[in-house]
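J.: What follows is the residue order along each chain.
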Amino acid sequence: MATPLNAAPSHDLLAAKLTPADDRILLNHWLPPQEGIVPRIRLGKRWISVLWALPLGFAALILAIALAQGLLEFPSVKAFVARYPGIAQAAPSVDSGFPWWLRAQHFLNMFFMMFIIRAGIQILADHPRLYWKRDCTPGTDWFRFQRPVPTGRVWTAKDDSVTLPKWLGIPGLRHTIGLARWWHFSVNLLWTLNGIAFYALIFSTGQWLRLVPITWEVFPNALSTAIQYASLNFPVDHSWTRYNALQQLSYFITVFVAAPVSIATGLLQSPAISNRIGWTGRVLNRQVARSIHFISFSWFVLFILAHGIMVFVTSLRENTNHMFAGVESKSWAGLLPFLLAMGVVAAAWAVASPVTIRHARLVQHTGKFMVGWIKGLAEWWDPRSQLSEKDISPYLWPNGTMPHSAEFDALVADGFKHYRLRVGGLVETPREFSLADLRAMPKQEQVTTHFCIQGWSGVAKWGGVPMRHILDLVKPAADARYAVFYSLADGGDGGRYYDVHKMHNMRHQLTILAYEMNGGPVSVLHGAPLRLRCENELGFKMVKWIAAIEFVHDFADLGAGEGGYNEDHEFYGYRMPI
Amino acid sequence: MTTHVPADHVLLKRVYLPACPEDGVRILVDRLWPRGVSKARAALAFWNKDVPPTTGLRQWFGHDPARWEEFCRRYRAELKANPEAVEALRALARQGRVTLVFGARDEVHNEAVILREVLLGR
Chain A
1 MATPLNAAPS
11 HDLLAAKLTP
21 ADDRILLNHW
31 LPPQEGIVPR
41 IRLGKRWISV
51 LWALPLGFAA
61 LILAIALAQG
71 LLEFPSVKAF
81 VARYPGIAQA
91 APSVDSGFPW
101 WLRAQHFLNM
111 FFMMFIIRAG
121 IQILADHPRL
131 YWKRDCTPGT
141 DWFRFQRPVP
151 TGRVWTAKDD
161 SVTLPKWLGI
171 PGLRHTIGLA
181 RWWHFSVNLL
191 WTLNGIAFYA
201 LIFSTGQWLR
211 LVPITWEVFP
221 NALSTAIQYA
231 SLNFPVDHSW
241 TRYNALQQLS
251 YFITVFVAAP
261 VSIATGLLQS
271 PAISNRIGWT
281 GRVLNRQVAR
291 SIHFISFSWF
301 VLFILAHGIM
311 VFVTSLRENT
321 NHMFAGVESK
331 SWAGLLPFLL
341 AMGVVAAAWA
351 VASPVTIRHA
361 RLVQHTGKFM
371 VGWIKGLAEW
381 WDPRSQLSEK
391 DISPYLWPNG
401 TMPHSAEFDA
411 LVADGFKHYR
421 LRVGGLVETP
431 REFSLADLRA
441 MPKQEQVTTH
451 FCIQGWSGVA
461 KWGGVPMRHI
471 LDLVKPAADA
481 RYAVFYSLAD
491 GGDGGRYYDV
501 HKMHNMRHQL
511 TILAYEMNGG
521 PVSVLHGAPL
531 RLRCENELGF
541 KMVKWIAAIE
551 FVHDFADLGA
561 GEGGYNEDHE
571 FYGYRMPI
Chain B
579 MTTHVPADHV
589 LLKRVYLPAC
599 PEDGVRILVD
609 RLWPRGVSKA
619 RAALAFWNKD
629 VPPTTGLRQW
639 FGHDPARWEE
649 FCRRYRAELK
659 ANPEAVEALR
669 ALARQGRVTL
679 VFGARDEVHN
689 EAVILREVLL
699 GR
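Which chain is which? The protein sequence lines are A and B, in order.
Under our numbering, the residues of the first sequence are numbered 1 to 578, in order.
Under our numbering, the residues of the second sequence are numbered 579 to 700, in order.
No wet-lab data here; the hints were simulated from the structure.
C-beta: ideal position from N, C-alpha, C; glycine also.
Among the hints, a few may not be true.
Facing chain A, according to a computed beta carbon distance under 7 Å, are these residues of chain B, among others [unchecked claim]: (1) Asp628; (2) Thr632; (3) Leu635; (4) Ala655; (5) Leu657; (6) Gly681; (7) Glu685; (8) Val691.
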């Protein structure tokens, strides 16, 4: 058949092995469900179930009540409470009520938090363990809701992921981190904008005086408030104008500590950011950031529970009048708007998971529209951060689907003597390189952290050819905008694994084609004979078992057109520096 | 020679959904004939009675998600004890697309899902 003159140049032979993908999650072709266990925390060598918090918390509550009531019998304690009744005398009162913008922002915050928390738990469930050290060696976790890592078989990070109830995670199915990340990041952006507007408005109107303690008396007053609450004689409530000290402190911590900490530790988990900011990224390594992110999340959950309960037990009617109607009265004005708001949250809660499963591609595209540009911007940073050889991890989680073909078996059998890397597409000189050719080229070694999208990380020393050297040899054409890496392995759903990178990623200092890992040849498990290292991206973009590299103008006609195998099949984004 | 079965060669489908040419070889993998489906509508290549869970195991499981993980273990053990039947299916799937057809309403906690994993060597 004759090729029309204006046709796009024909692709690498491997492009024919790419497969289309569904736009929704096909339940029975997805990873089979696997239940986790009740979360546990490690103290020394013992793992303690968090369920112990229930009886212990109950006992502590009873003790606190008895203690507070006993204490209030003492004249000195009575005098203390009389002197510090709960609201600091010096705390200014805010007389402008709760304006409409504050009430609207309060609602939006609640609405956004529902998505952020649920999608965040889903992201955690993709690697249901937390560590303090960046190497994630099995047994070094301090928190988990998965069994210990089985020994005596290959246990990949994907095997380790667990199913969540659909009402809890978004969308609840195992290994749906691609979709959960779109929810988490997109709503995070809205939540952050809402937060910035909130900061600006409270500080320009005087509403900030409700939240920020400006006298040291807040501490004795907070203690007094705690004693009064615990004794079940609640302190006098003036929340229309001034919060009591305990309330003020907890709101302050939530708005001015937990929220910024969550944003910072979220961003610190990104390879592009962590590898860009030098020692900060090395000290606050990904696992430290992930653990603090989780602790901050726990604060939010405890705060929401306590705040919700207090709203109910200290006059639901007056509190909802304040926050949902903006009036100080004994009327019912706030109850209907409150119920409506809760109805909206509940309805969004109910549809989030089913819609995500059914319209997965739409969620991916919407997420790309909302936050893809931020990821695109982050790709321009040239990451330089390196570690030293003593940081090399004793363990690096295996992942992905190994090559299974007669072709690959034959390559392994003769030690990759007959391996040829094809480099072609929109280039001046298409080339084929043997492993010996590549070894004869300039060699670059780097000790870097591998950031898996699932949450784990690990350090290894990589050695190979800088990608910019390959570019100099083949000379990509001016209209080549992307490099496509084809693997020798198929992806988990069948069809060839591939991934697409923007050209500027190929010119970064630490972008290499690695044939060595920790001083020896790369093992088959970790991508032999050749794998990509591109240190500003998440792990799945660093294609293992590379067969060919093709330079293209557009990737819409490859696979399902999303820019890579996991992008097509697991709804990831093709720009993943964050 | 590799014994691997490509993942896109083994699909799953409820018997109640219409058959289509992309299904390839349609094989029923339930022990009992699914209720209310005619032979013509099922459009099967054949009914494989060698690989479904034994009646005892099927009745014990009863599609109870709480028994899923134990069911996985026991069914995998049954399949391991029956290598000829599994190998025959694998040989078929290596040549082209097969679709394992089942009746159960629960598309996730379902023996065909495990059978597919076993065929794919997972």
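J.: Look at each hint and say if it fits the structure.
T.: Going through the hints against the structure:
1. Below 7 Å, beta-carbon pairs count as interface contacts, and Asp628(B) has none with chain A, the closest being about 21 Å; its hint is therefore violated.
2. At a threshold of 7 Å, the smallest CB-CB gap from Thr632(B) to chain A is about 20 Å, leaving the interface hint violated.
3. Using the Cβ-Cβ criterion of 7 Å, the hint placing Leu635(B) at the interface with chain A is not satisfied: the shortest such distance is roughly 17 Å.
4. Contact between Ala655(B) and chain A, as hinted, is not supported at the beta carbon level, the nearest pair being about 16 Å apart and thus beyond 7 Å.
5. Contact between Leu657(B) and chain A, as hinted, is not supported at the beta carbon level, the nearest pair being about 14 Å apart and thus beyond 7 Å.
6. For Gly681(B), the interface hint is violated, the least distance from its beta-carbon to any beta-carbon of chain A being 13 Å, above 7 Å.
7. With a least beta-carbon distance of about 4 Å to chain A, the hint placing Glu685(B) at the interface is held under the 7 Å criterion.
8. With its C-beta approaching chain A no nearer than about 5 Å, Val691(B) sits inside the 7 Å limit, and its interface hint holds.
In this structure, the hints that do not hold are numbers 1, 2, 3, 4, 5 and 6, in rising order.
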